[in-house]
Structures are given as C-alpha cells and as structure tokens.
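Put together the whole structure using the sequences plus the hints.
Heads up: the sequence lines are chains H and A, in that order. Quick note: the first sequence, position 68, residue 128 per my numbering, numbers continuous. Quick note: the second sequence, position 400, residue 460 per my numbering, numbers continuous.
The hints are simulated quantities; they were obtained by calculation from the structure and are not laboratory data. Only true hints are included.
Identical chains share a label here; the pair holds if one copy fits it or two copies do between them.
Think about it this way: if two alpha-carbon atoms lie no more than 25 Å apart in a straight line, the pair counts; the simulated SDA-like pairs of lysine to any residue are:
| no. | residue 1 | residue 2 |
| --- | --- | --- |
| 1 | Lys178 | Pro137 |
| 2 | Lys448 | Gln95 |
| 3 | Lys469 | Arg519 |
| 4 | Lys448 | Ile209 |
| 5 | Lys291 | His521 |
| 6 | Lys73 | Pro108 |
| 7 | Lys154 | Gly183 |
| 8 | Lys448 | Arg82 |
| 9 | Lys359 | Thr306 |
| 10 | Lys176 | Pro403 |
| 11 | Lys291 | Asp264 |
| 12 | Lys451 | His97 |
Just so it is clear, the structure is predicted and the values come from calculations on it, not from any experiment.
Protein chains: 2
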Amino acid sequence: MSVDNLRNFFEPKGIVIVGARRSFGFGYGIPPFLQNHGWGNRLHLVNPAGGELHGQNVYKRVQDVLEPLDLAIVIVPAEAVPGVMEEIGERGIKHTIIETAGFAETGESGLALQEKVKTIAMGYGMRVIGPNCVGVVNTENRFASVELIEEALTPGPVSIIAQSGVFGNILLDHLPQHGLFISKAVTLGNRLDVDESELLEYLDEDRFTRVIMVYLEGAANGPRLVKSLVKVTQHKPVVILKSGRTQTGKQATASHTGSLSGQDHIYDAAFAQAGAIRADTLSGLIDAVRVFATQPLPKGNRLGIITTSGSLGALATDVAVSGGLTMPPLSPFTVNQARDIAPDWMNVRNPLDLGPSQKFNRLLPMLLADSEIDMVLAIIVLPYVAVKNLKSAGVTARDLFGDIASVRKQHPEKPLVGVVIGHPEFVEDIASLCGPSIPIFASPEPAAKALATLWRYSRTHDYRMQKNRKCQSSFDDQRISEDTSLVG
Amino acid sequence: MSVDNLRNFFEPKGIVIVGARRSFGFGYGIPPFLQNHGWGNRLHLVNPAGGELHGQNVYKRVQDVLEPLDLAIVIVPAEAVPGVMEEIGERGIKHTIIETAGFAETGESGLALQEKVKTIAMGYGMRVIGPNCVGVVNTENRFASVELIEEALTPGPVSIIAQSGVFGNILLDHLPQHGLFISKAVTLGNRLDVDESELLEYLDEDRFTRVIMVYLEGAANGPRLVKSLVKVTQHKPVVILKSGRTQTGKQATASHTGSLSGQDHIYDAAFAQAGAIRADTLSGLIDAVRVFATQPLPKGNRLGIITTSGSLGALATDVAVSGGLTMPPLSPFTVNQARDIAPDWMNVRNPLDLGPSQKFNRLLPMLLADSEIDMVLAIIVLPYVAVKNLKSAGVTARDLFGDIASVRKQHPEKPLVGVVIGHPEFVEDIASLCGPSIPIFASPEPAAKALATLWRYSRTHDYRMQKNRKCQSSFDDQRISEDTSLVG
Numbered sequence: 061m062s063v064d065n066l067r068n069f070f071e072p073k074g075i076v077i078v079g080a081r082r083s084f085g086f087g088y089g090i091p092p093f094l095q096n097h098g099w100g101n102r103l104h105l106v107n108p109a110g111g112e113l114h115g116q117n118v119y120k121r122v123q124d125v126l127e128p129l130d131l132a133i134v135i136v137p138a139e140a141v142p143g144v145m146e147e148i149g150e151r152g153i154k155h156t157i158i159e160t161a162g163f164a165e166t167g168e169s170g171l172a173l174q175e176k177v178k179t180i181a182m183g184y185g186m187r188v189i190g191p192n193c194v195g196v197v198n199t200e201n202r203f204a205s206v207e208l209i210e211e212a213l214t215p216g217p218v219s220i221i222a223q224s225g226v227f228g229n230i231l232l233d234h235l236p237q238h239g240l241f242i243s244k245a246v247t248l249g250n251r252l253d254v255d256e257s258e259l260l261e262y263l264d265e266d267r268f269t270r271v272i273m274v275y276l277e278g279a280a281n282g283p284r285l286v287k288s289l290v291k292v293t294q295h296k297p298v299v300i301l302k303s304g305r306t307q308t309g310k311q312a313t314a315s316h317t318g319s320l321s322g323q324d325h326i327y328d329a330a331f332a333q334a335g336a337i338r339a340d341t342l343s344g345l346i347d348a349v350r351v352f353a354t355q356p357l358p359k360g361n362r363l364g365i366i367t368t369s370g371s372l373g374a375l376a377t378d379v380a381v382s383g384g385l386t387m388p389p390l391s392p393f394t395v396n397q398a399r400d401i402a403p404d405w406m407n408v409r410n411p412l413d414l415g416p417s418q419k420f421n422r423l424l425p426m427l428l429a430d431s432e433i434d435m436v437l438a439i440i441v442l443p444y445v446a447v448k449n450l451k452s453a454g455v456t457a458r459d460l461f462g463d464i465a466s467v468r469k470q471h472p473e474k475p476l477v478g479v480v481i482g483h484p485e486f487v488e489d490i491a492s493l494c495g496p497s498i499p500i501f502a503s504p505e506p507a508a509k510a511l512a513t514l515w516r517y518s519r520t521h522d523y524r525m526q527k528n529r530k531c532q533s534s535f536d537d538q539r540i541s542e543d544t545s546l547v548g
Numbered sequence: 061m062s063v064d065n066l067r068n069f070f071e072p073k074g075i076v077i078v079g080a081r082r083s084f085g086f087g088y089g090i091p092p093f094l095q096n097h098g099w100g101n102r103l104h105l106v107n108p109a110g111g112e113l114h115g116q117n118v119y120k121r122v123q124d125v126l127e128p129l130d131l132a133i134v135i136v137p138a139e140a141v142p143g144v145m146e147e148i149g150e151r152g153i154k155h156t157i158i159e160t161a162g163f164a165e166t167g168e169s170g171l172a173l174q175e176k177v178k179t180i181a182m183g184y185g186m187r188v189i190g191p192n193c194v195g196v197v198n199t200e201n202r203f204a205s206v207e208l209i210e211e212a213l214t215p216g217p218v219s220i221i222a223q224s225g226v227f228g229n230i231l232l233d234h235l236p237q238h239g240l241f242i243s244k245a246v247t248l249g250n251r252l253d254v255d256e257s258e259l260l261e262y263l264d265e266d267r268f269t270r271v272i273m274v275y276l277e278g279a280a281n282g283p284r285l286v287k288s289l290v291k292v293t294q295h296k297p298v299v300i301l302k303s304g305r306t307q308t309g310k311q312a313t314a315s316h317t318g319s320l321s322g323q324d325h326i327y328d329a330a331f332a333q334a335g336a337i338r339a340d341t342l343s344g345l346i347d348a349v350r351v352f353a354t355q356p357l358p359k360g361n362r363l364g365i366i367t368t369s370g371s372l373g374a375l376a377t378d379v380a381v382s383g384g385l386t387m388p389p390l391s392p393f394t395v396n397q398a399r400d401i402a403p404d405w406m407n408v409r410n411p412l413d414l415g416p417s418q419k420f421n422r423l424l425p426m427l428l429a430d431s432e433i434d435m436v437l438a439i440i441v442l443p444y445v446a447v448k449n450l451k452s453a454g455v456t457a458r459d460l461f462g463d464i465a466s467v468r469k470q471h472p473e474k475p476l477v478g479v480v481i482g483h484p485e486f487v488e489d490i491a492s493l494c495g496p497s498i499p500i501f502a503s504p505e506p507a508a509k510a511l512a513t514l515w516r517y518s519r520t521h522d523y524r525m526q527k528n529r530k531c532q533s534s535f536d537d538q539r540i541s542e543d544t545s546l547v548g
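Shown next, in the form of structure tokens:
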C-alpha cells in the first residue's frame, strides 16, 4: 500500500460534487462551504437537472466537466450510486467519497447494492471512502467534504479516524472547547474500500499530525490493524475508543455501520500489544488526547502533586498509583527550599498539600525542578468567597498562583497538568493563567489517569524503539474471520 | 443518640463567634455574612481586644454576652482553643463548631492538644463539630458557619457530609452549575466528637434532605457507620466518595484530617451491604447525585435508548448492560406506532437510532410510554452547522426535538436522562428545552452508569423495605481497630 494512494482525498486538485442540489442537505451546503474556503475555482457541480447553483453552472453528467478532476464526492440517493460510479470511473477519477447512506447498514438489499458499487469501483481501480460517511477534513488547506463551523478548521496536531460520520462531526464541534484542534479527520462509514489501517499509515507520514484519535465499532481487518498500529505507535500515540464491549452493544453497532465488532477482550490484548491506548469512555478518549497533544513524554513514572486541597490530592494519588505511577518523596534539596518558605504547619511532602498557605506561586517551580519528579499534577481550588474577598482587596489570581504559563515554559521536558474545580469564574481565571500548554481537568481522577496513560505510552514507545521487536498479533486467523466487516 | 442533640448546630437561637477579628480570614468574613443573612440580632462577637467590628460591639469574654446563646463558633489560634472551650463551657453553651486547624492533622503535639480540648468538651457535656473544618450550612434558614456565595444558599434536596472543609466548600461553589442545590452541608474535620454516622441519622430525619452525598477519608467508627447507613438508605440514597483506595492514597489522607483510612475492600463490601452507593470518582459522585436528586426510582431495569447517533447509543449500551440494565425490544405497540412515522431506512429497535430523521419529538413520547421500558436515556447530538442552517431557515431546536420538559412531565414515574455533546450553544439550547428535571450529561457512559446506579439503589431499597432484614456488618472488630480515627 502506498500512502500516496490516499493523498488526493486530502489534497484534491479538482473536485466534482455529484448530487449538488437546491434542497436542504449535504448536497446543498457543501458547495458554498468549499467556495467560501477558496475552492471555488477547483469545484464543479453535477446534477441531472442542470441549471445553476450558488453562482456555478451545474453539469448534467460528470463527463461534461472538462476541467481537471481527481476527486468525486457522491451525495446522490443510494439507488443512483452505481450509475454515478460508472460515470466517475469513465471520467478517469480515481478517488471517490460516497456520503450516501442506505447500504450494508440497512440489511441484505443494502449490502447487495454496496457489493455492486464495490465491483464497479474495483473495475476502474478507484479508491473509495464510505459509503455512509461524511468523508474528510484537512485544516491545512481548508478542504473538507462536509460543512463545518469555522472554529473546527483551526489547524492543530490531532487527527481523527471515526467509523461514524455523525460521531466525527460531533467531535469536530466539541473539541475546540477543550483547546483541541485538528489536522485531518476522516469518517469511514461502511468501509467499502479504504479502512482505518490505511489511514493510520497515511497519518503516520503526515507531518502535521502528532496524535491520532480513533473511534471504531470493529476492525475492518484485525491483523492488518495491529500491523499498522505497531508501526504508527512508534512515532505517534494512537488513542482508540471502541464500542461493542458487550453483546448488546455489539448488536447496537451492527445496524449502524454494518460492522461485526468481534470479541472485546481480543481487542484489549491486541491494542495493548500494538502499543495503542484504549480509552474506556468518550471523555477518556478526549482526556488522553488533550494530554498527548500538549505534553512531552515523561522520562519516568515519578509523579509530584501540588494541591490546595488534601482531599483532592488523595483522590488523585489513588488513581495515579493504580495507573502505575509512583509518588516518591521530594528530594532533600526541594524539601529544604520549601521548608524555608512554608508555614510551620505545612507538611512538606508528596502530595504537597498547601492548605491556605498561599505559597503556590513559589512551590510549583520547586516541584517542577525537583530531580526526583518526572511530571507534575497541580490541583488548584479556592472557595470562591475567598477569591472575591481577595479580589476586592486588590489580590488577583495571578498574585496568588503566579504566572503558571511561564513556569511551565521553564520546564518543557516535564508534563504538567492542572485540576481546577469550583465557581466557573475561578475556573476561567486559572485556565487563563495556565494558558493552552496546560490541560485543565474538572476532576482529579481523570487528570491522574491521563498522566498515567502518557507514561505508559512513553514506556512502550521507548521499549519498542530500542528493541525494534516484531510485535505479534493477538488476532489469529480463526478469530479474525468473525471480525471482518460485513462488507470490507 | 438523639437527633435533637445536633439541632442547635443547624438552627441556633443565639450564636457567639469567638475569634472575630479585624484582619483577613474566617474571623473577619463570617460576621457580616451572617448579618447579611438575617442573623445580626442573634449574633455576638468575642475577641480579647474588644472594641467594635462590623457595627457590633465586640465582647472581651464569652461570659460578657448576656443574651441567649446556644452555639459557639471558634476561630481562635489552636493554642488558645482550650481556654476558649472552658469559657464556652462555663457559659453553658452545649454546641460548638471549632474551625481552627493545627490539631491531630499536624502530628503528635497537635493530637495532644486535641485530646485536651476533647476532655474539656466532655466535661461540660458539649457536642463539638471539628476541629479543622468550616462547620455547617443550612439553606432553609440561611445559617452557615462559613462564608458562601449567594448561589450556594439556594435551597435544594441534596445534603453534604464532607470530612474536609475545603472539599465541602468547593462542592458548594461547584454544584450550582450542575443544577444541584443544597439543604444542609457539614464539614467534619478531625471529628473530635460528632461524626458522619450521627449526621447521617440527623439528615435521615430532616424533611428537606432527599439525597445525601458523603466524602470520607475513613470511617470514624466502621460498625456504627454501617448501622447508620442500613437505617438511612431505607429512606434516602447515600452516595459516598472515599479516598485512600491505595496505600499511597492512605498516606496522603493521614496528614490531612488525621484519619487512618482502613482497608479499601472492606469499605466496598460494607457500603454495598448497607445499601449505600460508592462513587469511584468525584465526577461519579456528582453524576449519581444529579440523577437521584431529579429522577424517580425505576420500577425495573429495562432501559430504552433514543439517539441521534448510533455510535453514542452503542457506547451507552455497553455501560448500561455492564451495570446490570437490560435493553429489551420495544413493545409491538410502540414498534407499530413508530413504524408509521419513521422513514423506511430507520431500524425501529432499542437503541432507537433516529439518524437524520428529525422524528425525535414524536418518538421520545412513544419510548417513554412503552410498557416494556422502565427508564429512558435520550442522546441528542446534531452537527452545529446543521443547527445553524436550520435556525436560519426558521427551524428551532424546539421544532426539531419538541418540548422535552413537557414530555417529561407526562411520565413522572420513569427516569429520563439526557446526553448532549457538541457546540456549547447547541448544548445550552437543548439543556433549556429539557429544563431542570432532566439531568444532561456531556458523555454517554456516565449517563448510562448513573441510571444503572439508580436502578441498583431502587432494587436494594425495595428488597430491604420488604424484608426489613437485619444487615450484618462487614466490619469485624479486629479490622475496625485499625480503622478508627486517630482521634475520634
């Protein structure tokens, strides 16, 4: 498989939208979206009705477009797709995104229709994404086969592979509020041709992608997925959310993207062996990606916690230690330094519970600099009445907690994650002190868990980089047969 | 133990604050807070310096206050507490909240000081909350021994017992944004006298309290806690977050509220046997309480899911089924009704994946009315571009999804929980359609988990109500010895 094979999906030179139309829906929204993002002169519209739409001529057939074309986006009704695919093939276009639904996910006759489309595509040597998807997003050149809000087009280090179109779309709406921005996104749908393995390898080569998040209902091809993961996770973390853990959950996916989602424990083992991170929940997926996208890999598993609440420190400690991190004593140097400025009642230890000492701004840099500590979790809470009283006395959040973003910059080699809970205004004040390089969590446990995940990836990553060992697949051929997509 | 014993903490007739002062801190802030909430004429201030503060005379000694007094709030430095306690005892005051820190939580000498205070309190037959706490909140009469933001004084059905003062305070700041409001809150600190068991029984009798949330680092007295839980959980759900799951986490709590937090699995077993719900995380605690505070107990474990995203439906299904819920087929009546209005491509099943059908407003009432379904999870997502396009075409969220709050009212006997993910404006639109009686989650798994928790409580609750069996404690005497608070 050559990665260049997929490039036209993300960097087309000439695009034809087959199924552009006047009525509400994808076929109506995508042309002006692409026009508004600089693709107008490389965009061509096709609809048997002809005429004009959004100020552009509408061709009746793909053949009528004489300009260069290397990508087709198909949005016609399902029963019209085979005919359209013939037109596209005849025209010599080798890359097609089929967004239309109503194929394998609907049952027998849909599956037959999908097989027919597949045969046509193969006959022309075409690469196909979909059907039953919304295709691709590339923020670098602002190309997308789906309408998006402007915010979702801000370039960033994260790429998404999602089996479901709606799921991918919702993530694109949702992630900016967590400070997460996208390089590429792909929704796979029924995976008639292109699957997650090929896309992982494409994103591996993509210099803009630093972290890959994946939503799967089942692997299109288990052994190939493991092989791709082994390769890609040597360079980039891959965090996977997979549904279908239970029998009932599996049934739920079957009618959705036409996948059989396989035995769940096989996925657990396979992902772990391949160095991929499996998230338990949607929020766990986002949490892990937030930390991977903003933090360096730690040199070891030694966590230091600084906290203004002993309780929250204890809750974070439980999760960190359960996740494989250690909480060593602070170095004698740090203890001496801290003792000099700490009030008598403060225990100078790890977790470093500051109580109402108001020494956060002095102690955070000491903890980050400690040679015994590989990463830091900072838990910042303060009753809002105290915040308001201090504010009216002229004391700002910055006076109390320091210029956290600058402190962060002085220790770029150590992960630093924050937890802030309380009144929304306080949370906002602290988040702005922390800046975009410190992810802020609303609960101590997921923050500790995300740091443990970061460490586990760094460890497998290092180990595999050193040994360059060949990772064996947990999927054997027997098991795989039941795990292949119905249609892939 | 008589519940009336504790009433003066929440409904004092005359209050003396010992340690009122001019400089920043609790001693400065609480008097005007109480004045502003209607307690001025029942509030008296004491400080050896005398003079005037916040327009009130400051007495030099407790004895100098001639008006009726039945509650003392102590905010003097630790070393001055024994002397002050003698004054309070002499004055005949039987209820004291000691907010001062610097006792058992700081080590040997602090423990000795605390024992000294305890001996004095016992000598006078005094009941004591604290030390090392912020005392109590009662929203019904707007009494609190701690400064709070106005929002936190809105009366509601939830009561809090928290071992840590900061933790309790932060919860009070944080909960209103989840629509959770408080009846009573108590922070226990080092538990020289009053402990969580007594408070549970007090809240059991409190007609304003419907749900109790507890944060513990360790039980003051294990067998007594179990006994109280068995009793209270027959009437009200009790959700407990307990830190110290790991050895390192336990060490973290030791220097915080002076607790030994015991062996974690004993707590798991004891809480389960006693019918209490143990939360895994802070957000799990809040999630469970949100559902208990707003939803009826389900009649059975049959969950119906309605969703605009098949993927999110599958993720919720996995968690629901793992948590003990079932996802039965819809009744023939519902299937027929739904089939009449559903587009051909839609699978009318459970989970009910609506795709882009825009039939939510018609199908939600059918699902809620289904005789085969005991509770409903509604997952509402829509790409924000579609929302904006629809809005500009004059179609509102209400047109699309119906008057969800009214639908909810028609089925008051069935729990209904929502999941909304995406652009913040969309989330806000849907939340306002749902109203305060439907908790909205930002991820499908915690919503499904909270519903499973609701069902588990309803089951143990019913079972125990029927059998009225005597619940045996998992704590045996041997284990308890190591589990008793250092000081309690």
